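2 protein chains.
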Amino acid sequence: MSAWLDEIRWTDDGLVPVIAQTSAGKVVMFAWMNRESLALTQETGYAVYWSRSRQRLWRKGEESGNQQKIIKISVDCDEDVILLEIEQQGGIACHTGRESCFYRTLENNQWVTNSAVLKDPAEMYKQ
Amino acid sequence: MSAWLDEIRWTDDGLVPVIAQTSAGKVVMFAWMNRESLALTQETGYAVYWSRSRQRLWRKGEESGNQQKIIKISVDCDEDVILLEIEQQGGIACHTGRESCFYRTLENNQWVTNSAVLKDPAEMYKQ
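As you go down the protein sequences, you meet chains A and B in turn.
The working numbering puts the last residue of the first sequence at 135; the count rises by one with no breaks.
The working numbering puts the last residue of the second sequence at 135; the count rises by one with no breaks.
Some hints could be false.
Copies of one chain are not kept apart here, so a pair can be met inside one copy or by any two copies together.
Computed cross-link-like contacts, DSBU-like style, restricted to lysine-lysine with a CA-CA straight-line distance of at most 30 Å [claimed, not checked]:
hint : residue 1 : residue 2
1    : K77       : K127
2    : K127      : K80
3    : K34       : K80
Hints are computed from structural coordinates only; laboratory data are not their basis.
Only a predicted model underlies this, so the values are computations on that prediction, with no experimental measurement involved.
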């Protein structure tokens, strides 16, 4: 039952860009998936990305505990971008300890930080 | 005053992925920008993308009239993704005539269309 995976237009590297948005409408992160990680995301009900820097599967929250429970998986009109609706466990998606990775906004030609650190990253990732 | 542009980590092709979201929280499309298009987006107050297929600047709405007025420009934690908050003129972002490009959702291993065509594409793009 993987015909839906065949409909995706993967990049030459076998990846697809993925946007993760909470049910409340907050875009919290952007990452990539390969076929295996998208299949696992659907099967397990939790977001599994492909880490391009580490070249391995990245079960979101595997270290921090901040998993992303899948509510809905959508695809765009030309089948080359995925949008996830998620429930963000712990309320923190960003490795900086913030709700969202998009915490800087352009104001007067400067990137200005506009949201608080909810948890010390050192606490999120310690063994 | 373009130091903010220098802070972006452009791809090897000189691009950055861009997510466009309405103020109501609807993610309506995903596209790419190069440095010139992002600068123009900020200067003009309307979204200008880089069309990879046509290899040229793409002033969103130049044909359909459905421009995207910029409310806010955000960048992510590692400075390689842009999130736009926009006001979607005409209420239609997708070339299929729908509000959003993300109009298909995975249900029982199938992509199911879940939103209506608001305008006939033939009417959107005719001369």
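Results of checking the hints against the structure:
{"no.": "1", "hint": "K77 / K127", "result": "within (20 Å within a copy, 34 Å between copies)"}
{"no.": "2", "hint": "K127 / K80", "result": "both (27 Å within a copy, 26 Å between copies)"}
{"no.": "3", "hint": "K34 / K80", "result": "both (14 Å within a copy, 14 Å between copies)"}
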